[in-house]
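**Q** One line per chain: the protein sequences are A and B, in this order. Residue numbers for the first sequence, in UniProt numbering: 1 to 278. Residue numbers for the second sequence, in UniProt numbering: 1 to 98.
FYI, nobody ran anything at the bench for these hints, they're computed from the structure. Misleading hints may appear alongside valid ones.
Covered by chain B, per the in silico footprint, the following chain A stretches (three or more residues, Cβ under 8 Å) [claimed, not checked]:
hint, stretch
1, 12-24
2, 185-195
Sample of chain B residues at the chain A side, in silico, Cβ under 7 Å [what the hints assert, rightly or not]:
hint, residue
3, Phe15
4, Pro21
5, Lys22
6, Ile84
7, Ile88
8, Pro89
Bear in mind that the values here come from a model prediction, so they are computed numbers and not experimental data. Positions of the beta carbon are idealized from the N, C-alpha and C atoms, including for glycine.
Take a look at the letters that make up each chain.
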Amino acid sequence: MSRPEHIAPPEIFYNDSEAGKYTSNTRVQQIQAEMTYRALELLGDNDGQTPKFLLDIGCGSGLSGEILDEEGHYWLGCDISPSMLSIALERDLEGDLMLSDIGSGVHVRAGSFDGAISISVLQWLCNADSTSANPGSRLMRFFNSLYAALSRGSRAVFQFYPESDDQVGFIMGFAQKAGFSGGLVVDYPNSRKAKKFYLCLFAGVSGKEVQMPAAKTETGTVSNVGRQSQSTHRPPRTNIKHSAKDHINHKKHLQRQKGKQGVPLDSKYTGRKRRDGF
Amino acid sequence: MCRIEIREQEFNADFIRAFFPKLDYGVLKSTLESLGDDSLKLDSVEDIDGQPEDFLRLLHKVLLEMDVTQGEMTCGNCQHKYQINEGIPNMLLGADEI
């Protein structure tokens with residue numbers, strides 16, 4: 001997969017033509033909408049009564065803002081690309097917009113927001129685009145100011161595309177230093193395409209014990225990759241295959257775990273030979 | 001030079017009540033006065049629940065419907081001027097200004 005953040009800084013990469021392409025691509029629209037709904041779900045305890053005041057970090061052309069409008073939330077979006085924001089203006093959204101660089105901090109009154117979401121943004125902060133930019137200090141300033149901007153007990157959910165496990169650790173390290181608790185939720189961990197990373201951060205304690213939300217898989221939910229200690233004890237090997245039928249069933253099981261559609265059902269005919277003379 | 005537009009939005013009393021404690025009412029009042037609007041009469045508000053709905057509607061208008069589309073904000077600390085263009089404040093700073 002190509003990584004736009006390796007090509008140019010965001011305010012230059014998303015110029016007028018790139019911003020237009022991005023916004024009119026229906027596949028991008030659909031994926032962004034799905035991820036926004038999921039992020040709102042992870043934001044948690046949505047009683048649907050009082051609307052929230054949310055911060056959309058890296059709102060771009062407002063693909064995620066559109067969903068926030070639909071759900072009845074009030075929101076403020078910030079982005080570094082003027083071209084993206086001018087498209088958001090044309091799309092006539094309810095929320096307010098602000099041109100700002102999150103690497104230089106979130107410039108709002110402390111405790112203003114009931115939550116924050118961010119779709120496909122965080123990986124951009126890990127790149128040094130100029131000699132004066134240091135990803136570490138930019139992330140630190142961002143998380144510190146975000147922690148201040150959120151009200152106590154609220155959450156921030158970031159969907160992002162990390163390059164490696166090291167990058168996840170790098171980002172989460174700064175979030176922890178800023179005072180956030182929480183962890184990573186990985187949806188569809190066995191699939192290469194549907195796999196999505198959500199960083200769920202809690203600002204302060206909300207009184208009750210916070211439980212990390214569970215990740216989604218095709219068959220059900222699996223426990224999340226948090227900071228829980230993992231058992232070093234390895235279970236005995238169970239994948240010793242005896243027959244062709246076992247082998248076929250094993251392959252089908254793996255495909256289902258990856259969320260593939262149209263995997264044949266199991267039956268008593270699975271793995272049987274056809275009759276001769278077919 | 002400053003331009004203000006009104007964009008109508010649905011009124012939600014619960015949201016305004018929940019939002020009010022986060023607000024610095026004095027700053028809101030002085031900001032409005034600097035824009036030449038003196039619709040907020042009260043000097044301070046102790047208890048939002050005791051206020052009539054007219055006041056909530058006024059807050060709704062001021063907070064959600066009023067939009068400064070053209071103008072500038074001056075930092076009270078360093079006097080840096082942030083321009084507002086088409087309703088979008090430009091908060092970008094140069095590398096030497098951070």
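**Q** When the structure is checked against the list of hints, which entries are broken? Sort them ascending.
**A** Violated hints (numbers, rising): 1, 2, 4 and 6; every other hint is consistent with the structure.
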